[in-house]
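Peer 1: Given the sequences, and given the hints that come with them, work out the whole structure.
The sequence shown begins at 456 in the numbering used here and counts up one residue at a time.
If you are wondering where the hints come from, they were derived from the structure by calculation, not from laboratory data.
Be a bit skeptical, because a hint or two may be false.
[Claimed, not checked] In the DSSO-like style, the derived pairs of lysine-lysine whose C-alpha atoms are separated by at most 27 Å in a straight line are: (1) K460 <-> K506; (2) K506 <-> K457; (3) K474 <-> K506.
The model shown is predicted, which means the values in this text are computed figures rather than measured ones.
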Amino acid sequence: MKSFKEFEKRLNSSIARMKAIPDEYYEPMYGSIIRQLEAVREWTQGGVRPKQEDIDKLTFGMMASRALYDTDSELVKELLEITDFLRCWPQNV
Numbered sequence: 456m457k458s459f460k461e462f463e464k465r466l467n468s469s470i471a472r473m474k475a476i477p478d479e480y481y482e483p484m485y486g487s488i489i490r491q492l493e494a495v496r497e498w499t500q501g502g503v504r505p506k507q508e509d510i511d512k513l514t515f516g517m518m519a520s521r522a523l524y525d526t527d528s529e530l531v532k533e534l535l536e537i538t539d540f541l542r543c544w545p546q547n548v
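Peer 2: So, in structure tokens, the structure goes:
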């Protein structure tokens, strides 16, 4: 991801995909992942980089790699890319 617009689009898509996971696959971690993604959406409105202390608290990428890999490995990849974008926020977003 190279732009905030792409980040925002993929973040919103990931939230929607998380919320659409069928109940039969639901894991307790999913709620935490969704809450963290929604917090990121709130923090980044208008292209604002979240505070480093907030970024450091995020665990949704690691949680997704454990809880979602067998269900939706592409979504896991997406969530890890969102994590990378947050950690390496481009200067010209």
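Peer 1: With reference to the structure, classify each hint as holding or not holding.
Peer 2: Hints, one by one, checked against the model:
1. K460 <-> K506: Holds, at roughly 19 Å.
2. K506 <-> K457: 19 Å, holds
3. K474 <-> K506: 26 Å, holds
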